[in-house]
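Chains as they are written, first to last, in this note's numbering: chain A, 1 to 676; chain B, 1 to 96.
Any given hint could be a false lead.
Pairs of lysine-lysine residues, derived as DSSO-like cross-links and limited to a Cα-Cα distance of at most 30 Å, are as follows [said to hold, decoys possible]:
1. A:Lys524 - B:Lys28
2. B:Lys55 - A:Lys240
3. A:Lys40 - A:Lys147
4. A:Lys524 - A:Lys40
5. A:Lys155 - A:Lys40
6. B:Lys55 - A:Lys237
7. B:Lys28 - B:Lys55
8. A:Lys40 - A:Lys148
9. A:Lys40 - B:Lys55
10. B:Lys28 - A:Lys40
Treat the hints as calculated values from the structure; they're not laboratory data.
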Amino acid sequence: MSWTIALAGNPNTGKTSLFNALTGSNQHVGNWPGVTVERKEGRFRSSGDEVTVVDLPGIYSLGAASLDEEIAADYLLRNRPDLAVVVADASNLERSLYLAVQMLEIGTPLVLALNMMDMAAERGIMIDVERLSALLGIPVVPTVARKKEGIEELKERITRSLRENSAPSLSFALPYGERLNPLFEALETFLGERQELIPGLSARSAAVKFVEGDVAVLAAAESSGVRNSMDELLAEKGRKVEEELGYDLQTAVIERRWGFVSGVTAESVQRDLSLKARLTLSDRIDRVVTSRSLGLPLFFLVTWAIFRMTYALGDPLVELLEGVFESFGEWTGEFFAGAGFSEIVSSFVQDGLIGGVGSVVVFFPHIFILFAFIALLEDSGYMARGAFVMDRVMHLMGLHGKSFIPMLMGFGCNVPSMMATRILEQPRDRMITLLVLPFMSCSARLPVFVLFSGIFFGSYAGTAVFSLYVLGIVVAVLAAKVLGSTLFKGESSQLVMELPPYHVPSLSMVLRHAWERGFLFLQKAGTFILLSVIAVWVLASFPWGVEYGSSESIVGRIGQILAPVFAPAGFGFWQAAVALFFGFLAKEVVVGTLGALLGAGEAGLAAALPGLFTPLSAYAFLVMTLLYVPCVAAVAAFRRETGSWAWTFFMIAYTTLIGYGGAVLVYQGGRMLGLG
Amino acid sequence: MGLTCSCSGGNERVLSALEIGEGGVVSKIAGDGSLKRRILEMGLVPGTEIRVERKAPFNDPVSVWFRGYELSLRVDEANAVLVRPAGCAGCSGGSR
């Protein structure tokens with residue numbers, strides 16, 4: 001038989017380790033339909049059964065208070081997997097059980113994997129597995145996923161449950177008490193006479209979820225036209241209950257559910273109290289790490305070290321890859337020319353195809369290294385502390401504490417930093433961070449700044465370069481503020497974040513995560529980058545026979561048309577337009593392009609550029625280079641992370657407009673001040 | 001949780017007003033919408049014993065210990081959580 005099961009659990013319960021232990025390398029990574037939350041699927045075989053495991057996002061509840069919860073709840077309700085495994089943290093059973101109980105309530109057949117049993121034992125926590133299983137009425141299997149303990153037992157128990165009972169078990173009923181029960185019964189009777197609100201959801205569960213104000217059930221009631229009748233039923237009896245309790249019905253339902261969870265925990269868990277009183281290691285670390293004096297400096301130190309190490313370790317690898325692709329391109333070009341192919345073919349293969357593939361692959365080292373560090377931060381528990389100490393500052397800018405990491409990484413390269421926005425859970429925080437990241441001046445813009453500043457600003461060159469970095473930050477902060485209070489106005493931004501106990505990260509997890517990220521980038525962003533590089537090759541090479549990128553080529557002609565547009569910014573000549581166009585491939589290419597177009601080579605630019613630029617128009621040109629559309633790889637990463645062409649085009653348009661506006665403002669403003 | 005039984009006043013306060021190390025019992029979550037649901041579903045329901053564990057450098061966010069784990073909330077968010085002094089609902093044993 002073949003089955004589909006879901007894997008659910010709180011964050012920080014070792015769910016990913018368990019997923020890896022269950023499915024091995026037999027995994028497929030994709031996205032949930034229409035959204036950019038990652039969806040992993042894997043497979044395992046056990047005693048003749050083939051089981052597909054769908055890894056749900058790590059969540060604390062099914063209340064649909066976040067996108068992740070919405071996805072998980074929707075999957076469980078609409079797709080009705082044959083079974084779900086809930087991963088519980090044995091050292092923190094109570095919190096893990098809340099989700100399990102919610103899943104039981106909607107009739108999902110469950111197996112509970114009691115993970116991290118070793119950590120629980122260390123903390124003096126003993127769990128009566130049989131008692132827990134009897135209280136919940138579901139199989140419970142102790143595991144230590146990181147050490148692959150209990151995995152075979154879990155597989156065996158899953159397949160046994162699947163074969164014994166393929167129909168959803170609807171027997172679980174949580175004791176809500178004499179105050180709430182009459183409400184549920186009234187609604188249940190009302191619903192019992194009608195079609196199910198959500199297929200497969202019992203009238204009782206629907207009644208509970210209605211009283212609780214569950215978004216999905218309220219919507220279903222609305223569309224079935226019974227919302228008003230149900231509201232009336234509820235208003236009649238509910239008011240009195242609310243008055244007696246002193247709080248509302250939603251609070252009452254969730255309070256009772258937690259009450260049940262506490263009861264089950266109290267009956268099945270024993271704590272060695274002698275250990276409990278002791279200050280735990282985690283807490284001792286936190287007294288330093290989150291302290292008012294050291295918290296922020298330590299966080300800056302850690303992120304700065306990651307920044308330095310990512311680029312220090314990655315840059316030599318990138319250079320190596322660049323060298324390999326360049327030599328390979330030249331060799332192939334010569335080979336094709338030697339084999340009698342026309343020049344158009346050898347040029348296409350060398351500059352278009354191999355150059356294109358090369359420009360994708362060079363991003364792999366930085367992505368791999370950065371994500372190894374991010375996995376290290378997340379897995380160890382430090383990421384949450386970083387967000388905790390940084391949140392106040394970042395929130396002032398309309399961002400989240402965790403946004404700091406992608407923003408800082410942006411100074412190295414926008415591509416891995418855009419991918420790093422995955423650490424943000426709320427769609428709003430992610431979108432805003434992604435939209436302002438292109439303003440962080442990446443290292444590819446530096447050669448352009450340095451070259452121009454050296455030629456035009458003499459001893460003030462350093463100050464000029466620095467001012468551009470500051471300008472990038474200022475624009476990013478302003479853009480975040482404006483976006484947050486306009487396009488994303490009203491969308492909730494929440495912290496409400498667990499500070500999990502620290503633990504030693506697993507090296508294999510870290511490497512696996514880093515590899516997955518790097519590979520996904522090659523796979524998903526690669527095509528887009530490759531196609532763009534080929535498109536640029538076509539525009540610069542045709543009509544065939546003209547000099548590559550010259551004024552007669554398509555791009556040169558476009559540059560001539562565009563040149564007047566740039567006149568108000570002080571650089572209204574076609575070479576600047578073409579250089580900016582090629583800068584879309586990679587911003588440092590601006591320098592090489594200008595060198596080639598002015599027939600001077602890079603070395604001769606110092607003599608050639610002052611003929612075209614004044615110091616003022618040079619600075620305006622740098623402002624444009626800083627702020628206009630990021631390179632094609634960053635655009636591809638943006639498209640991949642947002643999953644939306646509409647947002648991608650918006651980003652391209654708004655960054656270019658801001659860049660252009662900034663350049664015009666600098667040039668015209670400077671002239672008014674008499675600088676030009 | 002080592003909370004003392006002293007009913008000094010018995011007034012409700014917002015969670016963010018508590019000092020580090022100070023404890024209490026949740027009496028109500030104010031507001032509505034997804035923030036309230038989120039706070040409730042994380043286990044901050046009426047009757048839950050809590051203790052303010054630490055505060056970030058600018059006193060925001062705050063971190064609260066309850067049900068065996070630590071949760072951080074922005075001050076804005078913690079303002080929705082109303083707390084009464086521990087032990088005031090009859091010192092004999094928590095909330096239920």
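Hints versus structure:
1. A:Lys524 - B:Lys28: Violated: lysine 524 (chain A) and lysine 28 (chain B) sit about 47 Å apart, past 30 Å.
2. B:Lys55 - A:Lys240: The hint is violated at about 39 Å.
3. A:Lys40 - A:Lys147: holds (21 Å)
4. A:Lys524 - A:Lys40: Holds. Lysine 524 (chain A) to lysine 40 (chain A) sits at ~15 Å (cutoff 30 Å).
5. A:Lys155 - A:Lys40: Distance of about 18 Å is within 30 Å: holds.
6. B:Lys55 - A:Lys237: Distance of about 42 Å is beyond 30 Å: violated.
7. B:Lys28 - B:Lys55: Measuring from Cα to Cα gives roughly 22 Å; hence the hint holds.
8. A:Lys40 - A:Lys148: Holds: lysine 40 (chain A) and lysine 148 (chain A) sit about 20 Å apart, inside 30 Å.
9. A:Lys40 - B:Lys55: violated (36 Å)
10. B:Lys28 - A:Lys40: violated (38 Å)
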